[in-house]
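Given the coordinates of chain A, work out where chain B should sit on it, guided by the hints.
Protein sequence lines correspond, in order, to chains A and B.
The letter at position 151 of the first sequence is residue 151 when you use this note's numbering, and the numbering goes up by one with no holes.
The letter at position 52 of the second sequence is residue 52 when you use this note's numbering, and the numbering goes up by one with no holes.
These aren't lab readings, by the way, just hints derived from the structure by calculation.
Check before you lean on any hint, since a few could be wrong.
[Unchecked claim] Quick list of the computed label-pair ranges, beta carbon to beta carbon:
1) A:TRP6 to B:ARG41: 29 to 37 Å
2) A:SER181 to B:PRO103: 28 to 36 Å
3) A:ALA5 to B:TYR3: 25 to 33 Å
Here a beta-carbon is modelled for each residue, glycine too, at the ideal position from N, C-alpha and C.
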Amino acid sequence: MTCTAWIDAALTSARPQAVGALLRYFRNLDIAEEAFQNACLKALKSWPQNGPPRDPAAWLIMVGRNVAIDEVRRTRKQEALPADEAISDLGDAEEALAERLDGSHYRDDILRLLFICCHPDLPATQQIALALRIVSGLSVKQIARAFLVSEAAMEQRITRAKARVAAASVPFETPGAMERSERLAAVAAMIYLIFNEGYSASGDTSELRKPLCEEAIRLARLLLRLFQSEPEIMGLTALLLLQHARAAARFDANGELVLLDDQDRTLWNQKMIAEGLALIDKAIRHRKSGPYQVQAAIAALHSRATRPEDTDWAQIDLLYGTLEIMQPSPVVTLNRAVAVSKVRGAEEALRMIEPLGERLSGYFHYFGVRGALLMQLARNDEARVAFDRAIALANTSAEAAHIRMHLDRLIRDSQPSGKNASEK
Amino acid sequence: MLYAILCYHDEDLVGSWTREQDADVMSRLAVVQDRLKKDGRLGPVARLLPTTAATTLRKDDPPVVLDGPYAETKEQLLGFYVVDCENLDAALGIARELGAANPGGAYEVRPVGLFQAGGDLK
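Next comes chain A alone, as it looks inside the complex (with noise of 0.2 Å):
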């Protein structure tokens, strides 16, 4: 590996670190960041010269800092702006230049950085936005083509995303255990919308959002150091790792969508799985479940099994069961219906999902799965009309592609078969 790209890859992993200590110090996002872009500048001239510091974070943490310091007092000469305000604690950063960082302290920084991105005045798409930019580091045409929007557009959605967070109240006290476990439940959600973001792409976009997926397992494992015994951070990398390592044989060369059922799964990533397993592996000792650890759980059973018939149904039934129970959700209802056919036949799995109707009538998922049980007991026109309004529903592409296969083989086998071949 070249030097540069040591540097590069010391940068990023020391960045939410750095950031999240130099915003604990100047409490203004923006100062945060500048000194940061400074701070690297300067590694940039001076680790190819020096060789890399011992701890490459604390020296850009201290470098940053001087930097920002300096700038703040030249301003205050030439303008005499009321500086002091900009910097809450300028006499203890003066005096403390070779303090010690300890751990407990960047912990709560990094967590607090990462919690500001989630501030819940925020909606999903700035949240995410918001974390790619400040604590990931992704350049805002990273960010803007992992969305599929202009840079113009993310640059904006950006700067609004900050406007609201610097006008909200920031808390900089070190957290309590309460606020710091709901700060952990609200940052480790946020993860999960990343890596959703990348992970719901159709065929054709997925390579774009890949990275989406890969920043959101290095957040979780970056969480997880952070907090080593916390069984739901476990839980969610663990599921995490699972569903990404399912990547490579989630779409063909065509860009569409290939089922579970139907992956290549020698394409699956068993590293990923490895330590995906480990982790769970992990949680389970703490005996304390939780969402994350159950889907993780479920993930883990699909990624044990050799061949799709190899699946362990009945126990995807009973962990959708839990699931039900921590965090009901007709979406979870429905996932849990699709085990249940498996395990005690279609009749049952539909008559679990008739009551979902009103709440999911939006919803493309749910009339793809109710057209599939339907097909499978061969009432098929009912299961055309399911189809049917599935395909309206879908979100991409590869969906509709999807439910159009199946409409297909519906129309295929309603035809008789003497019929069909003399045809061809």
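Here is chain B on its own, set in the frame of chain A:
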């Protein structure tokens, strides 16, 4: 004399390698390994999962299980075992048993991602 060669690197960095980059490194290593194996100089080779997958057993009385890798710097790496277990609990069971025979210090239990038994040593 047998030597253990312990591999250190930034796991974030290595973890962010693409499949192709990873395969590239592994194939370059395989060239060296194959030669060593032919010469009867290569024992087992293991690639460990990231430290986030690690669990540590402090061999205190009673032993304490902690999530995460062994992070202290006051003790030194003195040896290692590779054991085949159904799950983490079973591996920790073995670690406890070993710990009872030799108290003090700690065992870091880390899943092995890739294992090659290696050849017969001369």
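Results for each hint:
Here the CB-CB span from A:TRP6 to B:ARG41 is close to 31 Å, well matched to the stated 29 to 37 Å. The given range of 28 to 36 Å is respected by A:SER181 and B:PRO103, whose C-beta atoms sit roughly 35 Å from each other. For A:ALA5 and B:TYR3, the hinted distance range of 25 to 33 Å is satisfied, since their beta carbons lie about 31 Å from each other.
Violated hints for the displayed structure: none, as all numbered hints are satisfied.
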